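Student: Here is how the chains run, residue by residue.
There are 2 protein chains.
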Amino acid sequence: MKDWLEKHLKELNVTTSMERPEGFCRLGYSEEEWQAIEVFVSIAEEIGLKVRRDEAGNAIARWETEEKGTEDSPAAAVGSHVDTVKGGGGYDGVAGVLCGLAAIKKLKEEGFVPVSPIEVICFASEESSRFGVSTIGSKAMSGLLNKDDLADVPDEDGITIRQAVEGMRISWDAIDQAERPETALKSFIELHIEQGTRVEDAGAEFGAVTAVACPIRLKIMIKGQMGHTGTTPMGNRKDALVAVSPLITFISETAASLTSSSEVPIVATASTIELKPNVMTVIPGIVELGVDIRSVDDDLKREMERLIRQKCSQLSSEFGVTMEVNTLVDNPSIQLDDGVRKKLQHAGETLGYKAFVLESGAGHDVMNMAAKWPSGLLFIPCKNGLSHHPEEFASLEDLEMGTEIIAHYLKSEASI
Amino acid sequence: MKDWLEKHLKELNVTTSMERPEGFCRLGYSEEEWQAIEVFVSIAEEIGLKVRRDEAGNAIARWETEEKGTEDSPAAAVGSHVDTVKGGGGYDGVAGVLCGLAAIKKLKEEGFVPVSPIEVICFASEESSRFGVSTIGSKAMSGLLNKDDLADVPDEDGITIRQAVEGMRISWDAIDQAERPETALKSFIELHIEQGTRVEDAGAEFGAVTAVACPIRLKIMIKGQMGHTGTTPMGNRKDALVAVSPLITFISETAASLTSSSEVPIVATASTIELKPNVMTVIPGIVELGVDIRSVDDDLKREMERLIRQKCSQLSSEFGVTMEVNTLVDNPSIQLDDGVRKKLQHAGETLGYKAFVLESGAGHDVMNMAAKWPSGLLFIPCKNGLSHHPEEFASLEDLEMGTEIIAHYLKSEASI
Chain A
4 MKDWLEKHLK ELNVTTSMER PEGFCRLGYS EEEWQAIEVF VSIAEEIGLK VRRDEAGNAI
64 ARWETEEKGT EDSPAAAVGS HVDTVKGGGG YDGVAGVLCG LAAIKKLKEE GFVPVSPIEV
124 ICFASEESSR FGVSTIGSKA MSGLLNKDDL ADVPDEDGIT IRQAVEGMRI SWDAIDQAER
184 PETALKSFIE LHIEQGTRVE DAGAEFGAVT AVACPIRLKI MIKGQMGHTG TTPMGNRKDA
244 LVAVSPLITF ISETAASLTS SSEVPIVATA STIELKPNVM TVIPGIVELG VDIRSVDDDL
304 KREMERLIRQ KCSQLSSEFG VTMEVNTLVD NPSIQLDDGV RKKLQHAGET LGYKAFVLES
364 GAGHDVMNMA AKWPSGLLFI PCKNGLSHHP EEFASLEDLE MGTEIIAHYL KSEASI
Chain B
4 MKDWLEKHLK ELNVTTSMER PEGFCRLGYS EEEWQAIEVF VSIAEEIGLK VRRDEAGNAI
64 ARWETEEKGT EDSPAAAVGS HVDTVKGGGG YDGVAGVLCG LAAIKKLKEE GFVPVSPIEV
124 ICFASEESSR FGVSTIGSKA MSGLLNKDDL ADVPDEDGIT IRQAVEGMRI SWDAIDQAER
184 PETALKSFIE LHIEQGTRVE DAGAEFGAVT AVACPIRLKI MIKGQMGHTG TTPMGNRKDA
244 LVAVSPLITF ISETAASLTS SSEVPIVATA STIELKPNVM TVIPGIVELG VDIRSVDDDL
304 KREMERLIRQ KCSQLSSEFG VTMEVNTLVD NPSIQLDDGV RKKLQHAGET LGYKAFVLES
364 GAGHDVMNMA AKWPSGLLFI PCKNGLSHHP EEFASLEDLE MGTEIIAHYL KSEASI
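The listed protein sequences derive, respectively, from chains A and B. What the first sequence shows, in our numbering, is residues 4 to 419, in sequence order. What the second sequence shows, in our numbering, is residues 4 to 419, in sequence order.
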């Protein structure tokens, strides 16, 4: 099993070695992503699955039941993605489709005969790094894609989503036909690396996820006054960077203190900053700060946003600058299916692995699928919690554990 | 006089209107700078000066004395530059060469006959915005140009100083031949917009400058740990931006408090910041902060640097990050000639203008000239102290005042 996982891990990453100092780069709807999806298709066919590409470019590999009359029954599905951020790792996404395929192979070798069909889905364009829009393939499949809003969103080279999609020989106008009826699937699960260390920190071996924390994202524009760094006395400045610094501290400290007084954690990060003019001899006149806030408790996120707005108003008067807070994104968090979560947890525990029940701080394809089908998410550990990074790593042991848990879960899910 | 100033102000800015929302862009050793220097040459020739371009591209316009035998006497010189930063204003530099030329015109019209020659010098490449190196032309003239260190310094397009200079049909290898002997000049003065509001704030009309505060510049590299903003608990982070924020506040507050307890002011600015990866979903792993420190009191600058280093070491332990402080520049401040300062002050006061004696927080060509010749610097006010900005503005009244002060000063300086 480990040999198979290792070999196909490299194949799905279109590489001969997982040691890649520069990481991987398979952006959504790029030739590089398409190449990896083609590898997925070959492996799926190799283990005897029938594969089709849908109208959004998702690849759906299906194990048809041998019992006549149940071909059209709702399928038990598992899936993830193979695209990456720039300089990303080889496990985020890939681990999910790899373990899904490996689980099928294992079930076939064991002579398992499914009653319901089983599917492994490789979604297109999960990462938001190219267009600032995530999970395009799974949005299309679950009917959540807002085609008109997205068509003209450009990447950093000015290529729009529509152009990128059509570059992959997919019709943008027909992309929403990828939507599947509720009756197509009976459930959906995704396996993903945790991208954190809470499972390990809890002394557990895998995570059974209850909910996906979707973000509130703020863009805060601070306008002060540019001036010469040498000729503007300290008492006569409206330095936008000096004005915003206490806010960065405040965001970090407030998230920590809200976490310690709440039932579920909240994280908040000032993650991007742009200075104008960002020149050694000029006092920063304008700062744009990007803030990412996540918790599965939507009220807690809104409380955090309220406290940030309050602090901005206090800092504006204190430093004589203006601070304008724009809410870019305010997505309610997604509850996953409790039944599916318990089945996944049970499957793992039956196999002797210790479970930790937690929420996901990151978004995944499963959050779209959960809008239409009972859905679950399984975490396997990754080294130091590192992801979106060339040193992202999950052990073959943990990939094998993930495969076993999926196989065990599917065995019961596809038996009725 | 005002009409002449207004007309030639526009000509030197190669524009038909000073209202330019996008500002001016005449980078050092660019075609745009060269075009403005050519305008300087024509105006100088129009008013009867003999102009030569030296080996560094500086233009030297000379009013030869009519008394035989004094042609080679040391000249009384005045000058500044015509290059700008990107999106700069039309007065920084231009005001100095314009008022210099206007003063000569005035003296000629009054029938003044100089005993010593008079020169108006238009220096090449004063701004540091293209190569990060300032005052290249005046460095060359005063023998301070370190040719070997500079040759390969690139601009943001990768063009080196050597390439840019040679693109202007100047031999890089011969550029140091622009150096002039001490006997070439008897003194040098520069008129410049203040780029601050201390003259106005003091209720005065012009500034007589005692010294030029040269900067200490630091580049501080903070290394924390990247991580997913959604999956890394608050207590488990090494956020480089959170770690550096208290430093930004500290720099601003410490400069203010050192100023209030010292005889001369100090200014310190965290003016540039670069985040890696600067992506909404990733905790900032690396921050690079640029700090500019200026005072005419070099000990005070060094004390500020010491306090910053001390604070960095405290913050490193507190936030579990590394902070590496590199001193990019540590230039001792330049004392200007007290005699020349008094003559300028006297000239202005004789004409009925109120003087304010101050130091310059910004560097100017005069700081290089002061290394070799008795030198002085005259400030005229500029609106709201704004410079390096499209809205930079000095009134025609103040340009006329500057012209009169230079003319009055030159009349006595060139009479012996």
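The set of hints was computed from the structure by calculation and includes no laboratory data. Predicted, not measured: the structure shown is a model, and the values here were computed from it. Note that the Cβ used here is the ideal one computed from N, Cα and C, for glycine as well. Wrong hints could be hidden among the right ones.
Footprint (simulated), chain B over chain A, 3 or more residues, beta carbon under 8 Å [as the list claims (entries may be wrong)]:
| no. | segment |
| --- | --- |
| 1 | 5-12 |
| 2 | 155-167 |
| 3 | 191-203 |
| 4 | 225-232 |
| 5 | 397-403 |
Student: Taking the hints in turn, state whether each one holds.
Tutor: Hints, one by one, checked against the model:
1. 5-12: violated (count 0)
2. 155-167: violated (count 0)
3. 191-203: holds (count 5)
4. 225-232: Per the Cβ count (4), the hint holds.
5. 397-403: n = 0 at 8 Å, threshold three: violated.
Going through the hint list in order, the structure does not satisfy hints 1, 2 and 5.
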